[in-house]
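Colleague: Here is how the chains run, residue by residue.
2 protein chains.
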Amino acid sequence: MKIYKSTEAPSIRRSVEIGTLEQRKAVLDIIEIVKTSGDDALFAFTKKFDGVELEKLKVTETEIQAAYEEVDDELISIMREARENIRVYHEKQLKNSWMMTQSNGTMLGQKVTPLDSVGVYVPGGTAAYPSSVFMTVVPAVVAGVERIVMVSPPQKDGTLDPVVLVAAKESGVKEIYKVGGAQAVAALAYGTESIPPVDKIVGPGNIYVALAKREVFGVVDIDMIAGPSEIVVLADDTAKPHEVAADLLSQAEHDPRSSSVLVTTSIQLAEAVQQEVEEQLKTLPREEIARESIDEFGAIYVTENLEEAIEVVNELAPEHLEIMVKQAQECLAKIKHAGAIFVGRYSSEPVGDYFAGTNHVLPTNGTARFSSPLNIDDYQKKSSVVIYSEEAFKQNANKIATFARSEGLEAHARAIESRLKEEQ
Amino acid sequence: MKIYKSTEAPSIRRSVEIGTLEQRKAVLDIIEIVKTSGDDALFAFTKKFDGVELEKLKVTETEIQAAYEEVDDELISIMREARENIRVYHEKQLKNSWMMTQSNGTMLGQKVTPLDSVGVYVPGGTAAYPSSVFMTVVPAVVAGVERIVMVSPPQKDGTLDPVVLVAAKESGVKEIYKVGGAQAVAALAYGTESIPPVDKIVGPGNIYVALAKREVFGVVDIDMIAGPSEIVVLADDTAKPHEVAADLLSQAEHDPRSSSVLVTTSIQLAEAVQQEVEEQLKTLPREEIARESIDEFGAIYVTENLEEAIEVVNELAPEHLEIMVKQAQECLAKIKHAGAIFVGRYSSEPVGDYFAGTNHVLPTNGTARFSSPLNIDDYQKKSSVVIYSEEAFKQNANKIATFARSEGLEAHARAIESRLKEEQ
Chain S
618 MKIYKSTEAP SIRRSVEIGT LEQRKAVLDI IEIVKTSGDD ALFAFTKKFD
668 GVELEKLKVT ETEIQAAYEE VDDELISIMR EARENIRVYH EKQLKNSWMM
718 TQSNGTMLGQ KVTPLDSVGV YVPGGTAAYP SSVFMTVVPA VVAGVERIVM
768 VSPPQKDGTL DPVVLVAAKE SGVKEIYKVG GAQAVAALAY GTESIPPVDK
818 IVGPGNIYVA LAKREVFGVV DIDMIAGPSE IVVLADDTAK PHEVAADLLS
868 QAEHDPRSSS VLVTTSIQLA EAVQQEVEEQ LKTLPREEIA RESIDEFGAI
918 YVTENLEEAI EVVNELAPEH LEIMVKQAQE CLAKIKHAGA IFVGRYSSEP
968 VGDYFAGTNH VLPTNGTARF SSPLNIDDYQ KKSSVVIYSE EAFKQNANKI
1018 ATFARSEGLE AHARAIESRL KEEQ
Chain G
618 MKIYKSTEAP SIRRSVEIGT LEQRKAVLDI IEIVKTSGDD ALFAFTKKFD
668 GVELEKLKVT ETEIQAAYEE VDDELISIMR EARENIRVYH EKQLKNSWMM
718 TQSNGTMLGQ KVTPLDSVGV YVPGGTAAYP SSVFMTVVPA VVAGVERIVM
768 VSPPQKDGTL DPVVLVAAKE SGVKEIYKVG GAQAVAALAY GTESIPPVDK
818 IVGPGNIYVA LAKREVFGVV DIDMIAGPSE IVVLADDTAK PHEVAADLLS
868 QAEHDPRSSS VLVTTSIQLA EAVQQEVEEQ LKTLPREEIA RESIDEFGAI
918 YVTENLEEAI EVVNELAPEH LEIMVKQAQE CLAKIKHAGA IFVGRYSSEP
968 VGDYFAGTNH VLPTNGTARF SSPLNIDDYQ KKSSVVIYSE EAFKQNANKI
1018 ATFARSEGLE AHARAIESRL KEEQ
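Here the protein sequences come in this chain order: S and G. So for the first sequence, my numbering puts the first residue at 618; every next one is plus one. So for the second sequence, my numbering puts the first residue at 618; every next one is plus one.
Excised from the complex, chain S in its bound form (with noise of 0.2 angstroms):
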């Protein structure tokens, strides 16, 4: 990991990854041909890219009760603490419809509804993430999602993981179908003979996945296009190297293509941590995953006080943001651009990822900046309420049918005017 002074820092801010035009001619192909082919083309893709020829889509309730014989009780239980942790914390998000008066007699508000139905994405390859069903599905549980989808690409045996599988269950989603990649978000987004369209795709995926969500933008709405993950860490002396290193790791060890940056204002600790990550990185089961990232996409950034390391953040936008110092209040109160921020010696960011309550789905690449952690405001939306009253509406008739009017709209205007007519 080198060590820069933060004024010698190399361009930070990574380009918004989109994939390559190869690849979205692909995906292109790929949903053109599930909108006219249905379910026929999903079995086609599944054989073609998941390498397993299957008979159903849906996955059974004998399926899903054979699952729980495979996972370990002690893991559903803390499964299921984690589920209550995050259904507190999105039950305190929910928003209510609420009006306000006028004393002319005029009402105005929003009335807020929850989203009819949701996809969840769920990926499926090497690792099975089960955390990330709880983390996408509970807020639409708490929300009042009535119709909640689940799609996940098959193993080469045609079944799915079963502690994903336990982790749908327990989470509430309602269907499961046995469909990966762009071809799953199209099945979602325009609908098959087994699969009835959402009105919502959320969850990460792998390239194809994301440039499908993109295309399908419009039609249905997603939550977000999903990038690497990253972690900043924002420290000072006060902080222990080895505790610091750990956490850069658990973001490296994600994807090759993860970053790890510490920001700190000491050289005393930049330098130990720096030890630290290759002492620790030795032993990792994930070792060359985690070294590739460390090595492509890691820096440690030595600022000359607080204020700098602070806007060195606030322009990282970062995805996970750990605060270890001594004016940690301050610093909480000074960033203004962070997915999920982690105060404290205690909050160590896999604390958020797995069990807190907080959502581990964030915004990646500098996204930050003008989004935010999937939350509940995903699975409501508002519509607006104006009850004019007679007074308002006498008070301002000829000044809304000027406005009108001068915008070239005459009917707009006569709309208005028709109320000030005799009665007929």
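If you are wondering where the hints come from, they were derived from the structure by calculation, not from laboratory data. Careful, some of the hints might be misleading.
A pair holds if it fits inside one copy or across any two, identical chains being indistinguishable in the list.
EDC-like mimics (lysine to aspartate or glutamate), calculated; alpha carbons at most 20 angstroms apart, straight line [what the hints assert, rightly or not]:
| id | residue 1 | residue 2 |
| --- | --- | --- |
| 1 | K899 | E913 |
| 2 | K786 | E1007 |
| 3 | K953 | E763 |
| 4 | K857 | E1034 |
| 5 | K1038 | E896 |
| 6 | K1011 | D872 |
Quantities reported herein were computed from a predicted structural model and do not represent experimental measurements.
With chain S's structure known, arrange chain G on it following the hints.
Modeller: The following block gives chain G in isolation, referenced to the frame of chain S:
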């Protein structure tokens, strides 16, 4: 306007407009050229598409002052009153940062911050819509966005419409550039020599603008992809036919592809409105547009009862919904999907377009199933905050490590366990 029994109604939802492949390729090219050639590309495209050779893009304070000379004082005064109503309604939506505390000493919450910068697109062409400037800019000001930029295509003489300039100044825009189309969207997303990039692009535009917004989504945030305007009037025999007809036509005059639909339990009202629409059409200045819209996308559905009428409305998920029935309150409660809901005779839809204070940038084309009117949440974002206590940590560390190991993420488990080691 044709009358249907709701059971024999043709499929009502229109497909979501996403442009032809040719249009999409053209937009991709424009974006690429702006990314590589910056201002030069903007000048060239402005010459090509808007037919004017500009010397600079940025509007000067002198030009804004000159615009005030050309705009009627009474109109400015009406616009200011509308702006205040918009401000008041959107201030009610402001969210606070919050924290929940747990008995084990842990605190979890959300920190709410405004976006740093927003770009507002304002269409040019035949009609200037100062009302849209207020709708997109005032909520940004209320949310605390520091840098608010406006772009709009220049007229043939190289100027912007004076009313639009006055609306920009009155609403709080800080920078204005004479550039429109996909090239303006690309400039806002990637920046050029004279236009620094923004974090989010909002506001309506033509198909090229919509496609470009979708293309840059992810690099920056966007509000929505808006289609042609729509209104559904839900009415019983207490509604007045000439008022219903006038409201239907107020949407029809926007665009030949606008959609105006009456859903009613009363065949008498259906027939009377049908006749009124024909009558009123004849004297409209934009008769041709309105007639094409009514013929192509207008319809009257007569339902057996109010329940069925509400079902039809929820199926349509209209941009604008007017409720003119005796049991208005029950109806309002049962409506699930609509952008803006106008209740009662005096809540004619143009009241909301111009004056009441609610936003007129609304989800179209059935997207009210999953999206909301433009609102304060579009200009604010949240960061999760985790302040985990020593007590909570020690109680749950082993569970978190177990969960992490079950996902094969050893470095996550070790990050947790590093805190349990002897002090170093």
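Colleague: Failing hints, ascending?
Modeller: Violated hints (numbers, rising): 2, 6; every other hint is consistent with the structure.
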